[in-house]
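Protein chains in written order, with this note's numbering: chain B, 1 to 132; chain D, 1001 to 1132.
Since the hints were made in silico from the structure, they are not lab data. Fair warning: there could be bad hints in the mix.
Claimed, not checked - With beta-carbon atoms standing in for the labels, derived distance ranges:
| id | chain 1 | residue 1 | chain 2 | residue 2 | range |
| --- | --- | --- | --- | --- | --- |
| 1 | B | 22 | D | 1086 | 23 to 33 Å |
| 2 | D | 1056 | B | 44 | 43 to 53 Å |
| 3 | B | 28 | D | 1106 | 34 to 44 Å |
| 4 | D | 1108 | B | 46 | 29 to 39 Å |
| 5 | D | 1052 | B | 76 | 39 to 49 Å |
| 6 | B | 53 | D | 1092 | 23 to 33 Å |
| 7 | B | 57 | D | 1092 | 21 to 31 Å |
| 8 | D | 1072 | B | 73 | 37 to 47 Å |
| 9 | B | 64 | D | 1028 | 18 to 28 Å |
| 10 | B | 92 | D | 1061 | 23 to 33 Å |
| 11 | B | 73 | D | 1110 | 24 to 34 Å |
C-beta: ideal position from N, C-alpha, C; glycine also.
2 protein chains.
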Amino acid sequence: MAIVVGYVATKEGRAALKRAAEECVLRQAKLVVVSSHRGGRDFDADEAMRFEAELRRVEEVLDERGIEHEVRQLVRGNDPADDLIAVAAEVSADFIVIGLRRRSPVGKLFLGSNAQRILLDASCPVLAVKAE
Amino acid sequence: MAIVVGYVATKEGRAALKRAAEECVLRQAKLVVVSSHRGGRDFDADEAMRFEAELRRVEEVLDERGIEHEVRQLVRGNDPADDLIAVAAEVSADFIVIGLRRRSPVGKLFLGSNAQRILLDASCPVLAVKAE
Chain B
1 MAIVVGYVAT
11 KEGRAALKRA
21 AEECVLRQAK
31 LVVVSSHRGG
41 RDFDADEAMR
51 FEAELRRVEE
61 VLDERGIEHE
71 VRQLVRGNDP
81 ADDLIAVAAE
91 VSADFIVIGL
101 RRRSPVGKLF
111 LGSNAQRILL
121 DASCPVLAVK
131 AE
Chain D
1001 MAIVVGYVAT
1011 KEGRAALKRA
1021 AEECVLRQAK
1031 LVVVSSHRGG
1041 RDFDADEAMR
1051 FEAELRRVEE
1061 VLDERGIEHE
1071 VRQLVRGNDP
1081 ADDLIAVAAE
1091 VSADFIVIGL
1101 RRRSPVGKLF
1111 LGSNAQRILL
1121 DASCPVLAVK
1131 AE
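Put together the whole structure using the sequences plus the hints.
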């Protein structure tokens, strides 16, 4: 059994990673972290560093519990949603974990297109997590 | 700990209920089924009967495992999304489970407004499940 989580260097991405790891511990599932970050406009170097530190801590916890894990760096020019869905299908994921931004009181009424694509097109369940 | 699932008499609603019950068994959590069905256009009597039968089976499994559960029938004229989010906040839900329709190859590119509202506005995580 495997749980797939998308690597995103934001506080939502870190919350998703943390929750995915907890779910792996609960059900003795393998954790597959898919990195489809391409830099650019949304890149936040500080968040990326915090994410890497968080990832190391998560890996330590999984190592301690004897839970298998892997990080896949995909640079195939695909839409991140496609990469995540393809990996989830390949490993027969129990579910995918994604981070979602919290809506501000006057925030937009629509989910981002990546989140919508993953929710609509993944054949497995999707757990959407907010930042703490 | 509690898991909240929205009652919907569709095959997606049944899939969400089944998954929510499995997650309750896994983590010894209470199951709270929120019924905010209002009949009307989308009402399918056959699906409703299948859903009720499914609910009875789920309750039997939870009884056998000694897991607490309750069904809340809410007729407050609220948007179903608001009811679900309010109950989840009240019981400090670990997460909410919702059913999502599978997109057909030529299907629409947007999630329904109820699903989007729950995903955007719930403070807890949301597990979105497709029908089998």
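So, going through the hints one by one against the coordinates:
no. : hint                         : result
1   : 22(B) to 1086(D): 23 to 33 Å : holds (25 Å)
2   : 1056(D) to 44(B): 43 to 53 Å : holds (50 Å)
3   : 28(B) to 1106(D): 34 to 44 Å : holds (40 Å)
4   : 1108(D) to 46(B): 29 to 39 Å : holds (38 Å)
5   : 1052(D) to 76(B): 39 to 49 Å : holds (47 Å)
6   : 53(B) to 1092(D): 23 to 33 Å : holds (29 Å)
7   : 57(B) to 1092(D): 21 to 31 Å : holds (26 Å)
8   : 1072(D) to 73(B): 37 to 47 Å : holds (46 Å)
9   : 64(B) to 1028(D): 18 to 28 Å : holds (23 Å)
10  : 92(B) to 1061(D): 23 to 33 Å : holds (24 Å)
11  : 73(B) to 1110(D): 24 to 34 Å : holds (31 Å)
The structure meets every hint from the earlier list without exception.
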